[in-house]
Amino acid sequence: MTNDNTPVVLFVDDEANILSSLKRIVRKKDYQSVFASSGAEALEIMQQQTVHLVVSDMKMPQMTGAQLFAKLVVKFPDTYRIILSGYADLASTIDAVNQGKIHRFLQKPWDNDMLLEAIDEGLELVRLKQANERLKSEISAQNKQLKTLNESLEEKVNLRTRQIQVALRKMQGQNKALEKVLYNLININPNLNGEFAKRVSTLARRMALKNQVKDPELREITLAGLLCEIGLISLDPFLYSKPFDELNHQQRGEFYSQTETASMILAPAEYMAGVARMLSQQFLPWSGAGESDAPAYTSIVPGARILHVARDYWGYRSKKIKDVELTHEQTLSQMKKQMGAKYEPELIELLSQLPEPVIEGEHKPRMKSADLQPGMKLKANLYTPEHIMLLAEGHEFTEQSIERVKQFEKSKEITLKLEAE
Numbered sequence: 112m113t114n115d116n117t118p119v120v121l122f123v124d125d126e127a128n129i130l131s132s133l134k135r136i137v138r139k140k141d142y143q144s145v146f147a148s149s150g151a152e153a154l155e156i157m158q159q160q161t162v163h164l165v166v167s168d169m170k171m172p173q174m175t176g177a178q179l180f181a182k183l184v185v186k187f188p189d190t191y192r193i194i195l196s197g198y199a200d201l202a203s204t205i206d207a208v209n210q211g212k213i214h215r216f217l218q219k220p221w222d223n224d225m226l227l228e229a230i231d232e233g234l235e236l237v238r239l240k241q242a243n244e245r246l247k248s249e250i251s252a253q254n255k256q257l258k259t260l261n262e263s264l265e266e267k268v269n270l271r272t273r274q275i276q277v278a279l280r281k282m283q284g285q286n287k288a289l290e291k292v293l294y295n296l297i298n299i300n301p302n303l304n305g306e307f308a309k310r311v312s313t314l315a316r317r318m319a320l321k322n323q324v325k326d327p328e329l330r331e332i333t334l335a336g337l338l339c340e341i342g343l344i345s346l347d348p349f350l351y352s353k354p355f356d357e358l359n360h361q362q363r364g365e366f367y368s369q370t371e372t373a374s375m376i377l378a379p380a381e382y383m384a385g386v387a388r389m390l391s392q393q394f395l396p397w398s399g400a401g402e403s404d405a406p407a408y409t410s411i412v413p414g415a416r417i418l419h420v421a422r423d424y425w426g427y428r429s430k431k432i433k434d435v436e437l438t439h440e441q442t443l444s445q446m447k448k449q450m451g452a453k454y455e456p457e458l459i460e461l462l463s464q465l466p467e468p469v470i471e472g473e474h475k476p477r478m479k480s481a482d483l484q485p486g487m488k489l490k491a492n493l494y495t496p497e498h499i500m501l502l503a504e505g506h507e508f509t510e511q512s513i514e515r516v517k518q519f520e521k522s523k524e525i526t527l528k529l530e531a532e
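Under my numbering, residues 112 to 532 are what the sequence shown spells out, in order.
Possibly wrong hints are sitting among the right ones.
Claimed, not checked - Calculated lysine to any residue pairs in the SDA-like style (CA-CA distance at most 25 Å, straight line):
1. K490 with E467
2. K528 with A503
3. K523 with S132
4. K430 with S463
5. K523 with N302
6. K321 with T438
7. K170 with G197
8. K517 with V137
9. K240 with I156
10. K523 with M225
11. K212 with D222
12. K490 with L320
13. K523 with Q218
14. K240 with V137
15. K521 with L217
16. K488 with R515
17. K353 with E371
18. K528 with E510
19. K488 with D326
20. K431 with I459
21. K170 with K212
22. K212 with L130
23. K453 with T372
24. K240 with E507
25. K488 with Q518
26. K479 with S512
27. K430 with M450
28. K523 with K240
29. K140 with K240
30. K182 with Q241
31. K431 with S368
32. K321 with A415
33. K140 with I513
34. K140 with F187
35. K186 with D231
36. K490 with N304
No wet-lab data here; the hints were simulated from the structure.
Assemble the whole structure, with the sequences as input and the hints as a guide.
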């Protein structure tokens, strides 16, 4: 990747003890490690030599990690970017995503194996991108050659296709990691509860399946349920620590503004545009939707209509709307009174036909980590008892990831239950 094919990784942190720890972690790796104690020093190093991947702390004096990455996007756009941070505030998180266009976000204190794996994956993607660019040039030149070279050209195209497929699979894994980070951003907020989002997501998925919704919309609806409260992290906790019915008109307007924050957070992730639209429309009333003379904002996407019903169902069941917890029957009765005005009638009828949602969710975890084998795939998101997502649905287990799960159980003195096949 450099003249001697050795990749270069730059670590940036204003704390000397952190840099010392990083040096110990990577001292046996086969890439060249460079260290800087500030954003300015990091930029100076990158002016003097090629750097393929940068790992930076978020909070630093003079220049934050987000500000450093914003400069790298302009000056060194091909550099892979990883942020290390403790509990970052909303502004720092949004700056890192929007301006710095980070590729990975790891929380402090980090897990050494996860950090090394993230660096290895980043360097592999950089290598694949460079190889892909070289292949593009080769293919362009070969297209101009004689017809007798077609077989060789076809072989090159097939090789490039296989490499792109490998890169895409890695990107899909990174997308799942980003979704996990966003969900955990909600759950680590002391004023929010990830369990509510899990229930909304499970019910929304059940309703979508009953309504014969297929992927990719089904997956978007499921994810929108998990992220239905992400916009609340920008609001005063007072607005969502009491039942919605007790808020005055002005407070309700502020509560609804969470949709703008949700859209802003998800905006850089283009593949999540459908999810962002569902979240932005999740509070719109059904009344007038689809009518020719209705305002444009009432053209509600189907996923948002389902999310509206699923979210409010659990809102009634968990004192988020009224100051008492309603039963399943009381909730259905309450929502039926608002059919045609607030909710799509067909969806309320569909909800009435489903079995009563259970607190523990749709999946029935039944496997221990000791039963896992490499190659097995996770059939449902894996959560800690505190509702922090450890692994996303679809994760394919390796010996390394199985060992990480076991080590986590050992360190926390718990036994996780999961569903895999």
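Here is what the structure says about each hint:
no.	hint	verdict
1	K490 with E467	holds, 22 Å
2	K528 with A503	holds, 14 Å
3	K523 with S132	holds, 23 Å
4	K430 with S463	holds, 20 Å
5	K523 with N302	holds, 23 Å
6	K321 with T438	holds, 22 Å
7	K170 with G197	holds, 9 Å
8	K517 with V137	holds, 23 Å
9	K240 with I156	holds, 23 Å
10	K523 with M225	holds, 17 Å
11	K212 with D222	holds, 23 Å
12	K490 with L320	holds, 16 Å
13	K523 with Q218	holds, 18 Å
14	K240 with V137	holds, 24 Å
15	K521 with L217	holds, 21 Å
16	K488 with R515	holds, 15 Å
17	K353 with E371	holds, 21 Å
18	K528 with E510	holds, 18 Å
19	K488 with D326	holds, 18 Å
20	K431 with I459	holds, 19 Å
21	K170 with K212	holds, 16 Å
22	K212 with L130	holds, 23 Å
23	K453 with T372	holds, 23 Å
24	K240 with E507	holds, 24 Å
25	K488 with Q518	holds, 19 Å
26	K479 with S512	holds, 14 Å
27	K430 with M450	holds, 21 Å
28	K523 with K240	violated, 39 Å
29	K140 with K240	holds, 21 Å
30	K182 with Q241	holds, 22 Å
31	K431 with S368	holds, 17 Å
32	K321 with A415	holds, 16 Å
33	K140 with I513	holds, 22 Å
34	K140 with F187	holds, 24 Å
35	K186 with D231	holds, 23 Å
36	K490 with N304	holds, 23 Å
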